[in-house]
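Participant: Let chain G serve as the given structure and place chain C on it in line with the hints.
Residue numbers (our numbering), protein chains in the order written: chain G, 1 to 308; chain C, 1 to 721.
Any given hint could be a false lead.
As the list claims (entries may be wrong) - If we take Cβ atoms under 10 Å as the criterion, some of the chain G residues that face chain C in the derived model are:
(1) Gly19
(2) Leu56
(3) Gly66
(4) Thr85
(5) Ala226
Said to hold, decoys possible - Reference listing, derived: stretches of chain G covered by chain C, where coverage requires no fewer than 3 residues with Cβ under 8 Å from a Cβ of chain C:
(6) 30-39
(7) 42-48
(8) 102-112
(9) 121-129
What the hints assert, rightly or not - Okay, the calculated bits of chain G under chain C, using three or more residues with CB under 8 Å as the criterion:
(10) 57-63
(11) 153-161
Everything labelled a hint here was simulated from the structure, so no lab data went into it. The C-beta atom is built at its ideal place from N, Cα and C for all residues, glycine as well.
Spelled out, the chains give:
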Amino acid sequence: MKGTTLGERWWRRLAIAPGIPLPQRRLFLLPTRFGLGWALLLLLLLLFGINYQNTLAYVLAFWLFGLGAVALLRTWHNLLGVTPTLRLPREVFAGGEARLGVVLAGGRPRTALELHAGDASARIDLPEGQGEAILALPAPVRGEQRLPLLRLETRWPLGLVRTLAWLESDERMLVYPRPLDDDEPQHRHAGEGLEATDFTGLRRAQPGDSPARLAWKQWSRTGVLAAKAFSLPPRQQLWLDYDACRGDSERRLSLLCARVLAHHRAGDRYGLRLPGVTLPQGEGPHQRRQALAALARFSPSGERGGGR
Amino acid sequence: MKRRMTGRVGGEAVLADGQALSGVMLRQLFLGQCLVLALHLSWMPAWLAAIAALVAGYRYLQLRRRLGRAGVLLRLAGVGALTGGLWLHYGTLGQMEAIIGLLLGVYLLKLLETHSRRDGRVVVAIGLVATSVAFLHDQGIPMAAGGLVVLAWLVHSLVWLSGGDSRRAWRESAWLLMLSAPLMLMLFAVFPRLGPLWNLPQADRASTGLTDEIAPGDIAQLSRSDARAFRARFDGLEPAPAERYWRVYTLSDFDGERWRRTTPEHLAATLGRPLDAFVAEGRRSTWLDEAPRFEVELLLEPDSRPWRPSLGAPLTTDEPQRFLADGTLEGTSPLASRSLLRMGSTGLAPANPDPAGSAWHALLPAEGNPRTRELAERLWRESGGEPRAFLAAIMARFGEAPFRYTLSPPRLTSADRVDEFLFESRAGYCTHYASAMTVLSRGAGLPARVVAGFLGGERHPDGHFTLRDYDAHAWVEVWLDGAWQRIDPTAAIAPERIEQGALAVADGREAFLADAPFSPLRLREVGWVNRLRLDWERMEYRWQRGVIGYQREARNALMTRVTARLYALWDWLVGLAPGRGWLGGVLGLLMAASGTAGFAALLRLAWRHHREARDEALRIHRLQHWLARRGLGPRPGESPSAHLRRVADEVAEAGPSLRDCAHHLERLRYASLGREERRERTRQLSRRVAEVRRRLRRLPRRQGGSARRQGGSAGADGVAS
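Extracted from the complex, chain G is given alone in its bound form (with noise of 0.2 Å):
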């Protein structure tokens, strides 16, 4: 995300929210460079009938007139009533790139709309109306942050001139630390390694059940697909603790991200302790992700980040 610059500003004045259709008073026209010299080859055709005196000259300048100025209304229709609709990236670490989807729902076929936002950007065609367009924003720094200033534009179909809106979303996208293995043994990986081993019995199979774990022998005796059960060893119960990392407050987070997707991957029981915030001790996706969050929100000086 860049600094924002004066021009950025002004157009953040101009953007429109996502979610609801591009209204008429918040595109632009625009010519492009072709456009330019489109304006240049009509006039060039012109001279050329008026000099020699040539009626199909005349008539072919005047068609490309008319072809232009009707370029400019298709133009515009393509980018008019465009609903775009954000979806924001499910996780991003920081030094990762944040997968922003924007569907974009037309009501009727559109074609080669491109979104631009920075360096990143996007092209998309609408055949059936809907669509969904990935665009790749790089994340360096953690934390809560703005979505970029998005520009929504469209050539199609003669690129002489283009029809932009600009979309700016209030929703914030959490980047979580970048990720940073501990070198210290003993902290690395403490749960990671174990699996359910131990047979505790059949159960009903059920979708998704490994075929490893099917107990293929009493299907073939009994006719009913049974899944073999295993039941876990005894897992970890720990807490990861902002004070017992060293280094900066970047490279501690950094590390206690890591642990939390180690931890979670191992399916332990953990918590986590920083300056301020105390999350108890659970597991799990819900737990996971609050965790990360809250590293995400972590401000050093002491205060809550925000959220919860």
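Facilitator: Frame of chain G, contents of chain C only:
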């Protein structure tokens, strides 16, 4: 920069990297080049097609990854070969054809370095210029149709370059062309026509038809061709078949073998007199002062010489022309393209004496043709020095056997050609007889000259005449009784040539149209072919006159008519209004405009209501939009009734109405209702919707931002909420 191509990949204009043009797009551009080249190829060297093929072959191999991109050297070599070829072909690069060739060649070579969308657009733009230049060659119906095809193809290329697939691009191009056509027609009609702003090199035209120098034998060459010389349409009186003598040149300089035309410049220099004694430029003839008998509109074919035919002596024209003292006409410049010329003329040989003098017109070489001179003196003596009797004697002599009229006479080879014709071969056509008669007249001291021009022409059912090369003719003018008199010796020997035209001459038919083996004129005996040919020629004539001839005058006339109509309308409005004056007119106009606008608005409203009354989903959809503008929009994936119920909880004042709306909507959509109940519920629904709008009207309209607070994206919930 990362791009993701979400659309269909097949048929895309660019490759997956989003930059380089795909093979199908290059093929599209190449076919466009071929079409443009096809417009030119009848007039341009054929090896340009070889350049196109070579360039395309190179690109094909390159796309197959066997060759690298064309380097600077290769491209320079291409341009060098092109320039060299054109220089060899034309001998110069300053000529119009060479310049056109250069443009075409660069256009074809450009494909070598066409890699991105931008390059593709440049190629299309050059193609449009080249198409326009093709209209310099010709502006007929086939060329216009070809131009239309090229335009459609190039527009399709442009659309395809901008995105989408080929089929969608075709549909869009059709829309673009159709929507822009009315605009084009309007501009064509109203755009002021200006004269040429500066001089540009003109395309050199092969001279067709008459030359200004004839020897007996030349005009028979013309009878071998069916090329069109010009077309004419008379306003009012049409000349009888025997009067259709179109004068082009007078030939007064005889060297014993050939008759030559002397230009005014040549005459002025030879006789040591000022140029304006022989030629005057303007719209009226200064040599003759009488009322025109024939008013004619000529549609002239392009020619490198500025000749203009006239029926008899020209009197008036609509554009300034050079009126020559011998009663012929010249344009101020050669015609690069077809053009119209209106003219009034006498239909007779000119009555004014030639300023070159009668001695000039009685001049014969000092020696040669002795038997002819002797015959002239004998006939003069026998007719008792009476010029009319003398001329009648010559005509009578031609009318007798063994003189015959043939299009393929034996060749005359001796130095005394007139002697050879008059006393040995005695077979020939108009040139032989006109030349012999003039020599005889001059031999007797009568001033005489040969006139070269056209006789007859084909009259089309719609009244216009087509004059072709085989209608070329030569006759004699003799100075008698203070005026030039037209005397046509061919009338004595082959009257059917005068009355029925060149096609009626039976003798020597094998020479007729010999150079036009596929001419449709050969099939004029076959009824339906002839009808088709006449229909096509009529259409072509109308096209040329109407569209091509739409220059200054025609445009001004049309605009005058349109403004007259507008004034009439204005007067009618002024008459309609009570105030009876200028202010009344404005008021009336305003009233009419507001009336029309109001009516249109009413119609629109009625249409909306009609549609909504039939379709409850549309009504609810509009209500949802209305709510969305006030920050109460639906969430993604939320059904309409769920949305209304949720909003009902949020805004208490419209809660019950909104819940009713949702209920009615669900019943209407999903319950099986009788017709009565359906109608009742629809009515209820519309009432509730109106209620909601009334109650929530005071909610401020909000732009987007706050609406998002209400909405929120389902996909984002996991992270953001």
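Participant: The structure should be examined with respect to each hint, and the outcome stated for every one.
Facilitator: Against the structure, the hints come out as follows:
Here the hint on Gly19/G is kept, as its CB sits about 5 Å from the closest CB of chain C, short of 10 Å. Among the interface hints, the one on Leu56/G holds; its C-beta lies about 4 Å from the nearest C-beta in chain C, closer than the 10 Å criterion. Nearest Cβ of chain C to the Cβ of Gly66/G: about 3 Å, under the 10 Å cut. The hint holds. Nearest Cβ of chain C to the Cβ of Thr85/G: about 6 Å, under the 10 Å cut. The hint holds.
With a cut of 10 Å, the hint placing Ala226/G at the interface with chain C is violated, because the nearest CB-to-CB distance is about 34 Å. Against chain C, the region 30-39 of chain G contributes 3 residues with a C-beta closer than 8 Å to a partner C-beta. That satisfies the three-residue criterion, and the hint holds. Coverage of a stretch by a chain is defined here by at least three residues with a beta carbon nearer than 8 Å to that chain's beta carbons; for the region 42-48 of chain G and chain C the count is 4, and the condition holds. With a threshold of 8 Å between beta carbons, the proposed coverage of the region 102-112 of chain G by chain C holds, since 4 of its residues qualify and at least three are required.
Residues of the region 121-129 of chain G lying with their CB closer than 8 Å to a CB of chain C number 6, which satisfies the three-residue condition for coverage. Counting residues of the region 57-63 of chain G whose CB falls under 8 Å from any CB of chain C gives 7; the rule of at least 3 is met. For the region 153-161 of chain G, the proposed coverage by chain C is satisfied: 5 residues have a C-beta within less than 8 Å of a C-beta in that chain, meeting the threshold of three.
Hint 5 from the earlier list is the only one contradicted by this structure; the remaining hints agree with it.
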